[in-house]
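Chains as they are written, first to last, in the working numbering: chain A, 1376 to 1755; chain B, 73 to 492; chain C, 28 to 398.
Reference listing, derived: stretches of chain B covered by chain C, where coverage requires no fewer than 3 residues with Cβ under 8 Å from a Cβ of chain C:
hint, region
1, 283-289
2, 445-453
Cross-link-like lysine-lysine pairs, in silico, DSS-like; alpha carbons within 27 Å at most:
hint, chain 1, residue 1, chain 2, residue 2
3, A, Lys1521, B, Lys299
4, A, Lys1602, C, Lys234
5, C, Lys234, A, Lys1546
6, A, Lys1474, B, Lys309
7, B, Lys299, B, Lys394
8, A, Lys1703, A, Lys1408
9, A, Lys1602, A, Lys1581
10, A, Lys1440, A, Lys1700
11, C, Lys266, C, Lys173
12, C, Lys212, A, Lys1679
13, B, Lys309, A, Lys1521
14, B, Lys161, A, Lys1521
15, A, Lys1743, C, Lys212
Since the hints were made in silico from the structure, they are not lab data. Every residue gets a Cβ at the ideal spot worked out from N, C-alpha and C, and that includes glycine.
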Amino acid sequence: MKRVFSVFSFLVIASMMLAACAPAAPAGAGTIKVAILAPLSGPVPTFGVSTRDGALMAIEEWNAKGGVLGQQIEAIVADSQCTADPAVNAANKVIDQDKVHYIIGEVCSSASIPVSEIAEQKGVVQISPTSTNPTVTLNPDGSTKKYIFRACFIDPFQGLVMAKFALGQGKKTAFIMFDKGNDYVLGLAEAFEAAFTAGGGSIVGKEAYTGQDTDFSSILTKVADSKADVLFIPDYYNIINLVATQAKERGVTSTLMGGDGWDSSDLDLAAAEGGFFSNHYSAEDTRTIVQDFVSRYEAKYGSKPDALATLGYDAANLLLAAIEKAGKDDPALVKDALASLSYDAVSGTITFDAQHNPIKSAAIMQVKDGKVTFAESIAP
Amino acid sequence: MKNIFSKSTLWFLGSAFLIYAVLQILVSAEILNSFWNTIIRIGGVMAIVSIGLNLIYGFNGQFSLGQWGFYAIGAYAAADVTYRWQINKSADGMVVLALATLLSGFAILWLRKRLSTVRGLDPLSAFTIYLAVTIILSALAWWLGTLISPTVTNGLNLLPAAVAMQIVFVSGVVFGAVVAAEISFLFGLPILSLGSDYFGIATLGFSIIIKILLDNSDTLLGFQEMKGARGMVGIPKETSLFWVFIFLVLVVVITRNLLRSSYGRAVISVREDEIAAKAMGIDIAEYKILAFVLGSFFAGLAGGLYAHINGFLHPNTFNFIKSFDPMIIIVFGGLGSISGTVFAAFAWALILEGVLRLFLPQGFETWRFVVYPILLLITMLLRPKGIFGDYEIPFLRQVLPKIRKTSETKGTDSPLEAHP
Amino acid sequence: MNTSPIVLLIQKIIKKGWLGKTFLALITLLAIWQIIVALQANPSLFLQQVINGLQLGFVYALIALGYTMVYGIVRLINFAHGDVFMFGAFVSFYSITRFQLHTWPQWLFPSIPHGLGLIIGAITVMAISMIACALLAIVVERIAYKPLRSAPRISALITAIGISFFLEYFAALNFVFSPNFITYKRPVEVVTWAIGLNGITTLGNGKAPPDGTILFSNIALIIILTSVLLMFGLQFIVKKTRIGKAMRSVAYDKQTARLMGINTDAIISTTFAIGAALAGAAGMLYAIAFPQIFFWMGIIPGLKSFVAAVLGGIGSIPGAFIGALIMGQAEVLSAAYISTPLRDAIAFSILIVVLLVRPTGIFGEPEREKA
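Just chain A, same shape as in the assembly (with noise of 0.2 Å):
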């Protein structure tokens, strides 16, 4: 018994020691370390695998180009499960362990936000492709996080757009379903409900299921029986695609709306007919960055990218941006240029406001005829 208990005990302490005195690569001169911090495990990786082959594909291109600042990028990536305490070892492991000093990720607000405390503590820069949180960028005491930014849309203004776009089309009932333990399909929600009904339309029902649902009969008996113009879900695609069926065979009328979680090859394009979403940018968008970008990422990974990975690949983007306009690798100087920047990113020129999001327009996209077609712009 003694033998095998110091067996593993030496395994163990050996295995510390290797690692708090090796990392992982020699700080060689000529690169600038990035960590990418995705989902990897956990119940939804594709959203984290996406997200990091858009953000790697951007440093690619980076370094194609020659790299920023005459130094080649190397990405570290760490999975982070969507899940606090993984996340904040992954944060610690990149920071401390690889000496990173940028931090793209991480996907879900609920892991975001303990590794932003870490970030902003420790004084790296974190840019989350996705968390839609307003917590992630901002303290409890409501100031802004100095090294804390996002690239994507807070909830309130894709709920505003949508909330718009419905009443414009001459909808005056909507029926909302929302995922009670998703903050952001949670805040899509209440921003819709709020200008939906400032606009004069009425919310005929409300009700929520959880992320791991398969059965949604009864909402959408629900949904049917209610008969509401819209039923407006601002969830992923995966969830939409189960529903989207589901509520087909439920005899529901309802047009279906919902936000960029929708993007996504995976889309059931069959199922979504007649469906409106919003989302950053459009694919059939005649800017060149738009029109490379989709190719590229098509001839490199086999598929069309999501809106994870668009993400990701801005992320990534606006962060060397920033890094080459600081003109040197000291996170304190390139969270003051990310937070005067004006970039041309995939999903739309750029800047970042008072709390670090990002001001963009959004695009309204239909799915029609079994294709993704371009609806409508609309401007902040």
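Given the coordinates of chain A, work out where chains B and C should sit on it, guided by the hints.
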């Protein structure tokens, strides 16, 4: 007196202090950076939860999957106390929680004495009585607490801010644990009479219900500051290595002393053979409750410590899939071995979060959870009774009866020992 | 101890145990009241919800059968069952989209009627995924459970959890299956019938049903038929065949069974294989009902079906069935009429309450005490 300061006691306390001192020096000297520091603290917290579970399952034989629910209760209760102090500058959370737990705690103890004289009282009726009393007293405590909290706040403000914070923090952690313990008492009362696998599923159901309630904590429970599924922010990060070690040593000593007493032997006898224990005049229900409540108390304690490590709580952390972690740890370390549990908790945290993170090459991040179950499987196959089996270090050993070696000869159908 | 008359009275009241029963009864009455109010308010809506619950319940029943079967014979909570279920769904997905296996009758016999060809094709695909799952289960059993026969049962439970993690994350690797959400291509087209007082009409896709009608789809029909068939098949195997007899004897007393010349290892392997085959069938039907598959899909349905099996009395085949139906109704009705965010909480509370009243589930046998 000789017993208290025996060689093994001194050896244990000495080495515990030494380990702490070395780690603290390494942390202060920044040789162990916050990455390792966090992992060690998480390891300590997991050790406390797992010791609680080992008490319930390893020593008392009750297959509980509810440990994670009590962990969540402790975490949120303690976090609410410190949050109110930190952000609202008010001690009302602490005062109300303290009053509510103390009042209902004493009421439960008093009632238990009274009710034990009533013969033939079924657990469900007892549960109803306790529940009613607890609710009434909590309401009373709420009213009383809001009355006296300004006074307490002013009193605490007289102290230096850091000291006051520590007081609020420690009392939050302790009273949060008491809340977990009282809820476990209420819940365990009717449930503990179930056969073990059914007990396991009922407790699993409990931790899932707790997670759902936490998802809705801002709407259904009415605690705005918990923010439901958006995650609670603004909790002060007070859990230092020091507190984790103090509580861990305390928990180990309490468990050890309990198990060495006649109570402890009764607890273990319930695991070994309920019928024989009953025949020896042991009140089985009493000892099941004792182990369950104490185990849940430890879970609550660990929860309170956990809440103040990251300063952020999210219901997803208390997902039922993670509730298997303490179970994995105690089996990994050895059922019925405290030293094994402590060792396994640290090893688990170090391997899963530390070693696997550092040594998997770039591009293989997704493999972490492929490697982890393989390691788990290999360990289980090589050492089916855990790494430590029923081995204990000398301080903890001595009077612990051995777990029966040959479960094959044991005639009962108890799920612990039946074989697949 | 001096006892006043009041105390005596209270003692008398408490003694009968009806305080606790009244408490439970009150909660139950409240729930029933809710349902009656709902029924009166809109009967057709209520009936529709009941049918929704029925469909969900039969889906759970399919998975619960495998759980209850394995538990009944080997007393192991097979946490990997949900992941075998996922494996079954993926196998059927690849057979359908990659290899078009569901169309083989049309290929071989072009003159076969379209409907019959589809049915035969779908059954073939189901058989393939059942066999694949059974093979997987036999491998898993050899690696992870068999070496632990003589170890404490909890060790096997932990390896089951380990296997479950492994199957999930291994399946999520890019070269195995995929970490993505995949839209499942149903082998059959959905047909929805609107059943009303004026007869049955077929509902066009995306059209609103006539007022006062109840919707019922061929998918629901397929699921109900398959699960009833599988239940009777399983019941037949366990109760009427030689191998079933051997299984029951192994469940009752392994040592004695071995002494009687039964190859217990083979019987246990067979049990796992049959359980996994059921999971394979369930995986395919689940994917047909909710047409999206991904590597994590087995966890939640697995958990809920397991709870359903416990509710009905784990180890009992009809029990698993009834438990699953109750679970389906509980979820759908509480989502429809009590509270959607609390629907799982209510379902689990029902489990706990049922266990309080019947500690071994509805159909469970009281725990045996062996000498």
